[in-house]
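Sequence order for the protein chains is A and B.
When we follow this note's numbering, the leftmost residue of the first sequence carries the number 6, and every step to the right adds one.
When we follow this note's numbering, the leftmost residue of the second sequence carries the number 6, and every step to the right adds one.
In case anyone wonders, no lab produced these hints; they're calculated from the structure.
Don't take every hint at face value.
Copies of the same chain look alike in the list, so a pair counts if it fits in one copy or across any two.
[Claimed, not checked] Pairs of lysine to aspartate or glutamate, DMTMM-like flavour, derived with a Cα cap of 20 Å:
{"hint": "1", "residue 1": "34", "residue 2": "23"}
{"hint": "2", "residue 1": "126", "residue 2": "173"}
{"hint": "3", "residue 1": "36", "residue 2": "51"}
{"hint": "4", "residue 1": "117", "residue 2": "173"}
There are 2 protein chains.
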Amino acid sequence: MNHDAAIRLFAKTLQNVEQWMDKAAAHAKAKSFDVDVLAQMRLAPDQFPFARQVQSACDQAKYAAAYLGGKEPPSHPDTEQTVAELRQRIHKCLGFLETVGPKDLTGAEDRKVSPPWLGGKWLRGDDYLVHVALPNFFFHATMAYAILRHNGVDLGKMDYIGSLPARDA
Amino acid sequence: MNHDAAIRLFAKTLQNVEQWMDKAAAHAKAKSFDVDVLAQMRLAPDQFPFARQVQSACDQAKYAAAYLGGKEPPSHPDTEQTVAELRQRIHKCLGFLETVGPKDLTGAEDRKVSPPWLGGKWLRGDDYLVHVALPNFFFHATMAYAILRHNGVDLGKMDYIGSLPARDA
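Isolated chain A (complex conformation) (with noise of 0.2 Å):
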């Protein structure tokens, strides 16, 4: 598996997380209540609701891309209350992941990745990849499923995997 198809996963499951907002929206519809309810529910009361689970997400695949592939990360203030606004920010990230290519990700496994929150430590690309962009990333999206799947919402395994590349025998 190399570094970009790792970015393209990440692309891949927030388009997912963007679809399970259409099912959030038929069932705030359905039930009669305004869908933006859902971006303030969580599952424990010190754990993030579903708005920050999803600026999470985007965080840690725009964080990735941009520390494997050696760019500036664009600056994506947590800003957004809404729905419609968390659609703009998977947009938003979506748009910084395609700006990262596989020829950007040739040799990330060696590159230095020092994030603040490591206090002056670093880690190989390779590491960073493994040991934190894959785990958090799908940490924060699977919590955004949770949260939406605990609160009624009609999601099953496909939505959350969404289309894969099978091939005829």
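Keeping the supplied structure of chain A fixed, place chain B upon it in accordance with the hints.
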């Protein structure tokens, strides 16, 4: 990121899952309830309970190692009812993952992976890892975490991520 790193990531995360069970046991003891009650908790009535999330995470890791490493997947029936039995399931899975090494995984990207649920179609090894194994594994691990978290177990993000191979500047 090579395929061996992905299998080791699954193993590390399953070890983290077992540590969440230590915190679940501490929580159950503090609140004077039977920890095995948690094994049947769910976030939605039509969703898998904790036990099945752990079994599914183990299976995603097991099948990825078997399919990508060219080995026969061992049979691990979903019979676990208690937290102690779920720990054993994780140990069985980790034991199998240890039998699949870097040599077995050489060329894994080009293997034809044709699990029964694909109905005769197949995926390239690389595509199986990216589109099936990674998202599904972290889906079930995160759901297991979310169920415990929702039920008051004192878990935080570092329990999910575990240790990082950070290096000194």
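- [ ] Using 20 Å as the alpha carbon limit, work out where residue 34 and residue 23 are close: within a copy, between copies, both or neither.
- [x] So residue 34 and residue 23 pass the 20 Å test inside one copy only (17 Å; across, 41 Å).
Check: Quick one: residue 36 to residue 51, C-alpha cut-off 20 Å, is that within a copy, between copies, both, or neither?
Finding: Only across copies: residue 36 and residue 51 sit 19 Å apart there, 27 Å inside one copy, limit 20 Å.
Up to 20 Å CA-CA - residue 173 versus residue 126, copy category:
Answer is between: at 5 Å across copies they meet the 20 Å cutoff, but 47 Å inside does not.
* To do: Using 20 Å as the alpha carbon limit, work out where residue 117 and residue 173 are close: within a copy, between copies, both or neither.
  => between (41 Å within a copy, 11 Å between copies)
The earlier numbered hints are all upheld by this structure, with none contradicted.
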